[in-house]
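Number of protein chains: 2
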Amino acid sequence: MIKITIIGSGNVAQHLIDAFAKSNAVEIIQVFSRTQKPISPLLDSTKITNDWNTLAEADLYIIAVSDDAIAAVSSQLPFENRLVVHTSGSAPLISLDNKNRKGVFYPLQTFTKGKAVDFKGIPFCLETQFENDYQVLEKVAQSISDNVFAIDSHQRKALHVAAVFVNNFTNHLYQLGNEICQENKVPFDILKPLILETAEKIQTLSPSDAQTGPAKRNDLSTIAAHESFLTNENQSTIYKILTQSILNHGKKL
Amino acid sequence: MIKITIIGSGNVAQHLIDAFAKSNAVEIIQVFSRTQKPISPLLDSTKITNDWNTLAEADLYIIAVSDDAIAAVSSQLPFENRLVVHTSGSAPLISLDNKNRKGVFYPLQTFTKGKAVDFKGIPFCLETQFENDYQVLEKVAQSISDNVFAIDSHQRKALHVAAVFVNNFTNHLYQLGNEICQENKVPFDILKPLILETAEKIQTLSPSDAQTGPAKRNDLSTIAAHESFLTNENQSTIYKILTQSILNHGKKL
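Heads up: the protein sequence lines correspond to chains A and B, in order.
Per the numbering used here, the very first residue in the first sequence carries number 1; after that it's consecutive.
Per the numbering used here, the very first residue in the second sequence carries number 1; after that it's consecutive.
It should be emphasised that the hints constitute simulated quantities derived from the structure, not laboratory data.
The structure presented is a predicted model; accordingly, all values stated were derived computationally and were not measured.
Check the hints yourself; a few may be wrong.
When chains are identical, the list treats them as one kind, so a pair holds in a single copy or across two.
[What the hints assert, rightly or not] The list that follows gives simulated cross-link-like pairs (lysine-lysine, DSSO-like), each with its CA atoms no further than 27 Å apart:
#1 K216 / K240
#2 K192 / K120
#3 K22 / K3
#4 K251 / K216
#5 K139 / K37
#6 K139 / K192
#7 K99 / K157
#8 K115 / K192
#9 K216 / K99
#10 K185 / K47
#11 K113 / K216
#12 K120 / K185
#13 K251 / K99
#14 K113 / K22
#15 K192 / K99
#16 K192 / K216
#17 K216 / K47
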């Protein structure tokens, strides 16, 4: 069994703890949490510590804290030359303190408090400072996921930016759609099956093959009708820019 | 059995034909198709006609053609005072010719050629010129879907614009994400589970509760890092505008 210590008690830490608890290849030996509150029903509360000096020797320390805190937390660790990784998509490998062997263990998924996640399908993006450490990290990831990738810091940065487009920005488009529904007294629920189908389509079709709508059809009269319908300046600006981008992509093909 | 004639042989027509073929409440008596090619394995090919004058009497005529063609097709019908509906989200009720009783039968979903759709969950937005006709249209919709709504032309216009945001624009964000992946040699497949989870989250959470990411957290240093990462002008413009919109929405709360 690979011995793991988790540092942090937030959303990502909790989901990892629950996933590892069900794995036969790894054992969580400790969790560092400032508050020492119970973190998960699957975690023996005696394993929770808030004292750096009580940290036992583990094969892997996973720092699952906010990006801003990674450097400080990794520099507080009272040991050297052990494998210490963070879970961030945007922080580089070098944000970790030099005294330990560095790595990144980035689950590319959006975690919601209280919503169970099936880790098997979640892509894990791994990077280590030293080649030997990669195998340990890979074993740990493969014990909970079927999608494990070697991704260097530059690639991870690209993935993180792309994730902002397909996740954060997409969700914001849902919010704007919701606004338009509310302003015109139609239930947003009517759009939910469409939202799901849009995401399901992309699992098998390329985004360019899956594209539909007035801009894709170069249907300028529908576009003009939509633009005159939208009186909210923010909605209208975003409508125009995304429509123009779809039109331009059509021309490139 | 309610007798239905479908006019058109495109994507929406084909999906409706397959759905009605399994319904016990309605019967497709004819399909008008200019080409007379076989349309669906579930449709007896003797029911296909390309001659307006052979159209038999039906309780309902569903015009499933492109928006531009609705007016012309409805004016070509060689009869009067029957119930004739179109399936468009953006065309108003009045785009149909005055000689027949008008209605709209709009399935709010994106249809992909060759991909089966479960109609039970698809919202149908109905509108009729005369109250009596609404019941017929409702029965027809309820025979294939559990989500039937009375939606007037103004509401339908709002829904259609909102659908452009949550479907067409969202898919375009997938395309930009794909571009960023390709430019940086990471497989787009890594983002697919995230795309699906983003759409699934919204089925139970409000878009504003589901929002995550640097703009939501007001994490200006990550935003600055992303902006300097993006060298493509179009990607960069869209990143800035959507980020600003999320930041502004955060301030409103």
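Status of each hint after checking the structure:
1. K216 / K240: So K216 and K240 pass the 27 Å test inside a copy (13 Å) and across (23 Å) alike.
2. K192 / K120: both (25 Å within a copy, 13 Å between copies)
3. K22 / K3: within (14 Å within a copy, 56 Å between copies)
4. K251 / K216: Only inside one copy: K251 and K216 sit 10 Å apart there, 34 Å across copies, limit 27 Å.
5. K139 / K37: neither (30 Å within a copy, 56 Å between copies)
6. K139 / K192: For K139 and K192, only the inter-copy Cα distance (23 Å) is at most 27 Å; the intra-copy one is 38 Å.
7. K99 / K157: within (24 Å within a copy, 61 Å between copies)
8. K115 / K192: both (18 Å within a copy, 19 Å between copies)
9. K216 / K99: Result: close neither inside a copy nor across copies, 53 Å intra and 33 Å inter.
10. K185 / K47: This pair counts as neither: shortest intra-copy Cα distance 52 Å, inter-copy 41 Å.
11. K113 / K216: Classified as between: cross-chain Cα gap 16 Å, same-chain 37 Å, threshold 27 Å.
12. K120 / K185: Classified as between; 24 Å across copies, 40 Å inside a copy.
13. K251 / K99: Answer is neither; intra-copy 53 Å and inter-copy 41 Å both fail.
14. K113 / K22: within (19 Å within a copy, 41 Å between copies)
15. K192 / K99: neither (49 Å within a copy, 36 Å between copies)
16. K192 / K216: Both: 22 Å inside a copy, 22 Å across copies.
17. K216 / K47: Close neither inside one copy (56 Å) nor across copies (33 Å); limit 27 Å.
In summary, the structure is inconsistent with hints 5, 9, 10, 13, 15, 17 from the numbered list given earlier, while agreeing with the others.
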